Amino acid sequence: MEFRDEERVFITGNEVVARAAQAAGAGYLFGYPITPQNEIMHHWRHIASQAGRGFLQTEDELSAGFATLGAVLTGKIAFSATAGPGTILFQEPLSMAEAMRLPLVIIVQQRGGPSTATVIYSQQEVTLTCFGGNGEGLRIVYSTSSHQELYDYTIKAFRNAWKYRFPAIVLGDGYQAKMREELILYDPSSRAGSRIPNEPIIGGEQVVHMQNAFSVEEELGEKLLIDLEDYNRAIPVLVEHEFLGGAGGRLLVVAHGIVGRAARQAVKELQARGDRVNFFRPITLRPFPEEHLVKACQQSGNAVLVAESAEGQLGRLVRLALADQVLTSFRSYYRPGLGITSEEILEEARL
Amino acid sequence: MRHWKVVAAGEGGQGVQSMAESLALAGYREGWKALYMPNFGIEQRGGVSLAYVQLSRAEIGSPKFLTANLVIVFSRRSLERCRQYIGSRTAILYDSSSLEMPAVADQVIGLQSYETSAPEAYPLRTGFKPAGEKVEIPLDKRLVAVPAAELARQRLHPRVFNMIILGATAALMDTVDLGGLKETLEERFSRYFKRDPQLREQNFKGLELGFKLAAREKNQRIPLQEALTD
Numbered sequence: 000m001e002f003r004d005e006e007r008v009f010i011t012g013n014e015v016v017a018r019a020a021q022a023a024g025a026g027y028l029f030g031y032p033i034t035p036q037n038e039i040m041h042h043w044r045h046i047a048s049q050a051g052r053g054f055l056q057t058e059d060e061l062s063a064g065f066a067t068l069g070a071v072l073t074g075k076i077a078f079s080a081t082a083g084p085g086t087i088l089f090q091e092p093l094s095m096a097e098a099m100r101l102p103l104v105i106i107v108q109q110r111g112g113p114s115t116a117t118v119i120y121s122q123q124e125v126t127l128t129c130f131g132g133n134g135e136g137l138r139i140v141y142s143t144s145s146h147q148e149l150y151d152y153t154i155k156a157f158r159n160a161w162k163y164r165f166p167a168i169v170l171g172d173g174y175q176a177k178m179r180e181e182l183i184l185y186d187p188s189s190r191a192g193s194r195i196p197n198e199p200i201i202g203g204e205q206v207v208h209m210q211n212a213f214s215v216e217e218e219l220g221e222k223l224l225i226d227l228e229d230y231n232r233a234i235p236v237l238v239e240h241e242f243l244g245g246a247g248g249r250l251l252v253v254a255h256g257i258v259g260r261a262a263r264q265a266v267k268e269l270q271a272r273g274d275r276v277n278f279f280r281p282i283t284l285r286p287f288p289e290e291h292l293v294k295a296c297q298q299s300g301n302a303v304l305v306a307e308s309a310e311g312q313l314g315r316l317v318r319l320a321l322a323d324q325v326l327t328s329f330r331s332y333y334r335p336g337l338g339i340t341s342e343e344i345l346e347e348a349r350l
Numbered sequence: 000m001r002h003w004k005v006v007a008a009g010e011g012g013q014g015v016q017s018m019a020e021s022l023a024l025a026g027y028r029e030g031w032k033a034l035y036m037p038n039f040g041i042e043q044r045g046g047v048s049l050a051y052v053q054l055s056r057a058e059i060g061s062p063k064f065l066t067a068n069l070v071i072v073f074s075r076r077s078l079e080r081c082r083q084y085i086g087s088r089t090a091i092l093y094d095s096s097s098l099e100m101p102a103v104a105d106q107v108i109g110l111q112s113y114e115t116s117a118p119e120a121y122p123l124r125t126g127f128k129p130a131g132e133k134v135e136i137p138l139d140k141r142l143v144a145v146p147a148a149e150l151a152r153q154r155l156h157p158r159v160f161n162m163i164i165l166g167a168t169a170a171l172m173d174t175v176d177l178g179g180l181k182e183t184l185e186e187r188f189s190r191y192f193k194r195d196p197q198l199r200e201q202n203f204k205g206l207e208l209g210f211k212l213a214a215r216e217k218n219q220r221i222p223l224q225e226a227l228t229d
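Protein chains in written order, with numbering that gives the first Met the number 0: chain F, 0 to 350; chain P, 0 to 229.
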């Protein structure tokens, strides 16, 4: 299955992820099945057998995560995919990746929670993916809103995980996983700045001592300072967002992922009616595009409406980013575990 | 109509997903913005299977929507599942050989004969229409009956039931012609068609039959034409 330079396709989100990982040059997927991400493993297995890549179904998510870390240590581009309760188990390998600065890449297709809940859809894994570990959440989390973005940001997740040496998560959901829509596949190696700087981390001539246990507080404190400095330095380069509108707005609608897509549609319709409503969608949830949100908020009369399929997980990030702003209003449309349509947001946002 | 919002519902195994996926793919091939999404809850272990299809000339927002402009009902029980998507201007295509007119006429909502109700029918606080609320359906205007199951059984093969529905849907929507539908099936099922050319012929006949039936209905009834346009 070789890539032509560009190929227009109509496929499911899970297949998009597998094709993106292939295009990015990933060599291995270690995974444990869970709905709604199973087809990522399914498609990857086909790619593995046809394109000489590696695939292993492990005994659980812990094993999948640590096997991925093992492959990464030897310089292989490797990834895993999970959802819901699986994302909880993945916190341990994710935390180790944060501690040892390993480029772990995971695709998370959110399902309803807590616990087993639904296999369908939610946006309830925002806090878990951004801050789930026993650390400071030094991760890169991309929230995608279309199949094209799912492709683009899966590729980007590999590149930036290896470049900055922080774990990277592509945060999709059950809807994105299962739906079909159009996108353009391309060969990223033909595009500038696309090379993934992967190299063996251990196993060379030099003995490498990697540490994730420390005997004194100060030793850990010093190590964390360095990691935090690295992370903070990367923030301006890493943060991404979408903004639709301009100065003189009366309201800013904030949403991410697939709900961002519903919100964008609603705002476009309001704008077409002459209503000055603006739209902001964080693409990176971690690091969060705080400065851009502040600016967008100021352009929108300091009035904010947050919509998400969770009870304020995005809302908390927004409030934190706007902590120094005097808001004229903060409204929420929280629908934990439920899909949100463009019509609903239109109804909430209109005068 | 520039933005089609379609819900299809039927029993698991009736070919709802296959039909809906083909409809979306056919639209995509004709240059429409297309989005297909299956409902993939526990009905995979029995029950009603739902699919959402949108075809638009402009960008498509959320994969789900509040009100459909076309609802396709494959079985009695699936009608109950669809009622939240039925608005005052929604056209309804149904299989009249498994869904009798009297049941539709006076009790589209809240049919007492159901052995089970979909789980989604219960959580009234999260956006579903209250159980007691009747949705007004002006029968003369928006209902299209196609005896698909019976025709498939008598004239073709029971399995091409969903292709009759697909043909009828395409005729109502006027987004894809018969040629485009056939090319779509050819693309999706070429492997099976090669193995068994009979299969191709049966499926194509099903499409043609459904298309012809619905096209006739549509041409003869001005109120239906009104329901199907903006």
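I should point out that these hints are in silico values taken from the structure, not numbers from a laboratory.
Be aware that one or more of the hints could be misleading.
Only some residues are given here: those of chain F computed to face chain P with a beta carbon under 10 Å [said to hold, decoys possible]:
1. I183
2. V258
3. Q264
4. A265
5. E268
6. Q270
7. G273
8. D274
9. R275
10. T327
11. I344
12. E347
13. L350
Predicted model, so just to flag it, every value in this text is computed and none were measured.
Where is the CB? At the ideal position from N, CA and C, for every residue including glycine.
Checked hints:
no., hint, in the structure
1, I183, "13 Å, violated"
2, V258, "8 Å, holds"
3, Q264, "3 Å, holds"
4, A265, "7 Å, holds"
5, E268, "9 Å, holds"
6, Q270, "13 Å, violated"
7, G273, "18 Å, violated"
8, D274, "17 Å, violated"
9, R275, "20 Å, violated"
10, T327, "27 Å, violated"
11, I344, "8 Å, holds"
12, E347, "13 Å, violated"
13, L350, "20 Å, violated"
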